[in-house]
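Protein chains in written order, with the numbering used here: chain A, 1 to 310; chain B, 1 to 248.
Treat the hints as calculated values from the structure; they're not laboratory data.
A couple of the hints might just be wrong.
[As the list claims (entries may be wrong)] Where chain B lies over chain A, by a calculated footprint (3+ residues, C-beta under 8 Å): (1) 46-60; (2) 102-109; (3) 186-196.
[As the list claims (entries may be wrong)] Keeping only pairs whose Cα atoms sit at most 25 Å apart, straight-line, the calculated SDA-like set for lysine to any residue is: (4) B:K246 with A:L17; (5) A:K171 with A:R122; (6) A:K138 with A:R179; (7) A:K185 with A:A117; (8) B:K246 with A:E84; (9) B:K216 with B:K246; (10) A:K141 with B:A17; (11) A:K110 with A:R96; (12) B:K216 with B:G129; (13) B:K246 with A:L73; (14) B:K162 with B:P93; (15) B:K245 with A:A9; (16) B:K216 with B:V125; (17) B:K246 with A:A117; (18) B:K245 with A:Y14; (19) B:K162 with A:G165; (20) A:K141 with B:S83; (21) B:K246 with A:P87; (22) B:K246 with A:A55; (23) B:K246 with A:G85; (24) A:K141 with B:T85; (25) A:K22 with A:D209; (26) B:K246 with A:R179.
From the three backbone atoms N, C-alpha and C, an ideal C-beta is built for every residue, glycine too.
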Amino acid sequence: MPLRIEARALSKTYGSLAAVDKLSFVVEAGEVLGFLGPNGAGKSTTMKMLTGFLAPTSGTALVNGHDIMENSLAARRCTGYLPEGAPAYGEMSVRRFLEFIARARGFAGKDVARAAAAAIERLNLEGVPEQSIETLSKGFKRRVGLAQAIIHDPSVLILDEPTDGLDPNQKHEIRRLIREMSQEKIIVISTHLLEEVHAVCNRAMIISDGRLLVDDTPAGLIARSRYHDAVTLVVEQPERVASVLSELPEARKVELREGELTVFPAQGHKLFEVVSNAVREHGWAVSELRLEAGRLDEVFRQVTQGGATS
Amino acid sequence: MSSSLSAVSNIARRELAGYFSTPVAWVFIVIFLVMSGVFTFYIGAFYERGIAGLEPFFQFHPWLYLFLVPAIGMRLWAEERRSGTIELLLTLPVTTWQAVLGKFLAAWIFVGLALLLTFPLWLTVMYLGKPDNGVILAGYLGSWLMAGGFLAIASCTSALTKNQVVAFILSVVVCFGFLLSGLPMVMNLFTAWAPQALLDVIASFSFLAHFADISKGVIDLRDLVYFGLVMTFWLLATTIVLEMKKAD
Numbered sequence: 001m002p003l004r005i006e007a008r009a010l011s012k013t014y015g016s017l018a019a020v021d022k023l024s025f026v027v028e029a030g031e032v033l034g035f036l037g038p039n040g041a042g043k044s045t046t047m048k049m050l051t052g053f054l055a056p057t058s059g060t061a062l063v064n065g066h067d068i069m070e071n072s073l074a075a076r077r078c079t080g081y082l083p084e085g086a087p088a089y090g091e092m093s094v095r096r097f098l099e100f101i102a103r104a105r106g107f108a109g110k111d112v113a114r115a116a117a118a119a120i121e122r123l124n125l126e127g128v129p130e131q132s133i134e135t136l137s138k139g140f141k142r143r144v145g146l147a148q149a150i151i152h153d154p155s156v157l158i159l160d161e162p163t164d165g166l167d168p169n170q171k172h173e174i175r176r177l178i179r180e181m182s183q184e185k186i187i188v189i190s191t192h193l194l195e196e197v198h199a200v201c202n203r204a205m206i207i208s209d210g211r212l213l214v215d216d217t218p219a220g221l222i223a224r225s226r227y228h229d230a231v232t233l234v235v236e237q238p239e240r241v242a243s244v245l246s247e248l249p250e251a252r253k254v255e256l257r258e259g260e261l262t263v264f265p266a267q268g269h270k271l272f273e274v275v276s277n278a279v280r281e282h283g284w285a286v287s288e289l290r291l292e293a294g295r296l297d298e299v300f301r302q303v304t305q306g307g308a309t310s
Numbered sequence: 001m002s003s004s005l006s007a008v009s010n011i012a013r014r015e016l017a018g019y020f021s022t023p024v025a026w027v028f029i030v031i032f033l034v035m036s037g038v039f040t041f042y043i044g045a046f047y048e049r050g051i052a053g054l055e056p057f058f059q060f061h062p063w064l065y066l067f068l069v070p071a072i073g074m075r076l077w078a079e080e081r082r083s084g085t086i087e088l089l090l091t092l093p094v095t096t097w098q099a100v101l102g103k104f105l106a107a108w109i110f111v112g113l114a115l116l117l118t119f120p121l122w123l124t125v126m127y128l129g130k131p132d133n134g135v136i137l138a139g140y141l142g143s144w145l146m147a148g149g150f151l152a153i154a155s156c157t158s159a160l161t162k163n164q165v166v167a168f169i170l171s172v173v174v175c176f177g178f179l180l181s182g183l184p185m186v187m188n189l190f191t192a193w194a195p196q197a198l199l200d201v202i203a204s205f206s207f208l209a210h211f212a213d214i215s216k217g218v219i220d221l222r223d224l225v226y227f228g229l230v231m232t233f234w235l236l237a238t239t240i241v242l243e244m245k246k247a248d
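Using the sequences and the hints given, assemble the complete structure.
Structure below.
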């Protein structure tokens, strides 16, 4: 069975509104794909179609070769899904809930308890298996949601905003779990947190108004930033320094903002050495000097709004 | 086949356990037992009529169910929608029909349990006289079938909305229509203009008429088929509504 998701002109319209507009892409084994986009961009709708919850208005998708329209149950069998907000039956205990999911996933007899116990261990839920889900903290609820998604060891894992609303420690924990699981699987996560893409994904797609705008690696995304390879310094008498630096042939532009001076490289030039040489040469009193990797949020705004303003 | 059966029973068992882990089940059972007792003894003149039978008990069931069954059924799908678990349930490898059937069966079994808990009434008539147990058994069967019809209607209206109050009111209205469709006050609306064939159809929809037949002790295949069809129709309608309105 091929490990692969293939979306073919996947579309979903509500009345005249195109929530997802002819989305086509292929995801291969080992990829952790991040769907990035503003709220209402169509990320969740796409995931709901891939998991068989919503039927596409037109187009289709194949999950491991199973058509989501014609062979929905087979596609669902190899998929684990964490819906947005990790909904669960709150009155059930963690163990009973996971056993219910395990049965629905085709486990029978002693395998049911075994699968639930394995998922509980995997997600570090050993402290709370008999507690009812509604009494758990947000972080634990999310882990229960992840536990139900992986209980059948799916080859495709689709996670809708897995860390949304969690505190930094919980986010770190969930991301660690996702990274751990990422080998030999396809993982698709949606997020509007840019740092998340950096932390867990090896591929990122920016979606806006239901259309695919950018499909790249996180590093490639950052490289699209105009800050990519720029050099920022904090220096005394910044105006004078700016006028000197703007004369450099390697510099395309110099910007002064809130006491920070940023020098942007001309096409194909590396600036850091040139700038640090200039600092030494002129003996400027520099208190900070750094190479910019690029700013994801700026790329994000640029791509989704059609122009960066900062 | 066995896998689809186990899918249905898995969902039904989860649902049924859900009733008992919230106050819903206990409140329903207590109110059902108290109300059926009140109706039977005070309004139904259980003792005064001097006959050892359960007619005074069964004759009020349609009216009792009119409000109590939608109260059970309203949460079937509205609650799944409100809490978002509908997305979890319907992305599991189960069909929508299996989910609809599983949840309906849980509610139906639950009402059946409440009905069984009225057994002290039966013990009372056994103690007082020599009732016809066949008639009583038929009464219980008819009552349970009618509850199933109401529940299937409630399942469908519950699938329409995430608001349980709206689901409840809609259920009561539709159930009321089905209950009364054979009575003169409803039939009078149609007699002036509708052809006789249509009148017969409308009249034959009546829960009351079919229930009355069964609870007299006459278990006619037509009445069984009628309730079976009503349940199947409304459960299929539930499935269609869910398929169409999943996103809302």
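The hints, checked one at a time:
1. Taking a C-beta to C-beta cut-off of 8 Å, the region 46-60 of chain A contributes 6 residues in contact with chain B, enough for the three needed, and the coverage statement holds.
2. Coverage of a stretch by a chain is defined here by at least three residues with a beta carbon nearer than 8 Å to that chain's beta carbons; for the region 102-109 of chain A and chain B the count is 5, and the condition holds.
3. With 0 residues bearing a CB less than 8 Å from a CB of chain B, the region 186-196 of chain A misses the requirement of three and the coverage assertion fails.
4. Of the supplied pair hints, the one linking B:K246 and A:L17 holds, its CA atoms being roughly 17 Å apart against a limit of 25 Å.
5. Between A:K171 and A:R122, the direct Cα distance comes to roughly 17 Å. Compliance with the 25 Å bound is thereby established for this hinted pair.
6. Taking the CA atoms of A:K138 and A:R179, the gap is near 20 Å; set against the 25 Å cutoff, the hint holds.
7. Restraint check for A:K185 and A:A117: satisfied, since their Cα atoms lie roughly 22 Å apart, inside the 25 Å limit.
8. This hinted pair checks out: B:K246 and A:E84 have alpha carbons roughly 15 Å apart, not beyond 25 Å.
9. Between B:K216 and B:K246 the alpha-carbon distance is near 43 Å, which puts this suggested pair outside the 25 Å criterion.
10. Distance restraint check for A:K141 and B:A17: the Cα-Cα separation of roughly 20 Å lies within the 25 Å cut-off, and the hinted pair is therefore satisfied.
11. For the suggested pair A:K110 and A:R96, the alpha carbons sit about 14 Å apart, so the restraint of at most 25 Å is met.
12. Of the pairs offered as hints, the one joining B:K216 and B:G129 holds, with about 18 Å between alpha carbons and a cut-off of 25 Å not exceeded.
13. The straight-line distance between the Cα atoms of B:K246 and A:L73 is roughly 17 Å, inside the 25 Å bound, and the hint therefore holds.
14. Simply put, B:K162 and B:P93 have alpha-carbon atoms about 23 Å apart, close enough for the 25 Å limit, and the pair holds.
15. A hinted pair counts as satisfied when its Cα atoms are at most 25 Å apart, and B:K245 with A:A9 qualifies at roughly 23 Å.
16. Distance restraint check for B:K216 and B:V125: the Cα-Cα separation of roughly 17 Å lies within the 25 Å cut-off, and the hinted pair is therefore satisfied.
17. The suggested pairing of B:K246 with A:A117 is violated, with an alpha-carbon distance near 32 Å, which exceeds 25 Å.
18. For the suggested pair B:K245 and A:Y14, the alpha carbons sit about 11 Å apart, so the restraint of at most 25 Å is met.
19. Straight-line distance between C-alpha atoms of B:K162 and A:G165 comes to about 24 Å, which keeps the hinted pair within the 25 Å bound.
20. The straight-line distance between the Cα atoms of A:K141 and B:S83 is roughly 13 Å, inside the 25 Å bound, and the hint therefore holds.
21. The hinted pair formed by B:K246 and A:P87 meets the criterion: a straight-line CA distance of about 15 Å does not exceed 25 Å.
22. With a C-alpha separation of about 9 Å, the suggested pair B:K246 and A:A55 falls inside the 25 Å cut-off, and the hint holds.
23. Straight-line distance between C-alpha atoms of B:K246 and A:G85 comes to about 17 Å, which keeps the hinted pair within the 25 Å bound.
24. Proximity of A:K141 to B:T85 is assessed by CA-CA distance (about 13 Å); at most 25 Å being required, the pair is judged to hold.
25. Proximity of A:K22 to A:D209 is assessed by CA-CA distance (about 11 Å); at most 25 Å being required, the pair is judged to hold.
26. Only pairs whose Cα atoms come within 25 Å are accepted, and B:K246 paired with A:R179 is rejected, the gap being roughly 32 Å.
Comparing the model with each earlier hint shows violations of hints 3, 9, 17 and 26; every other hint is respected.
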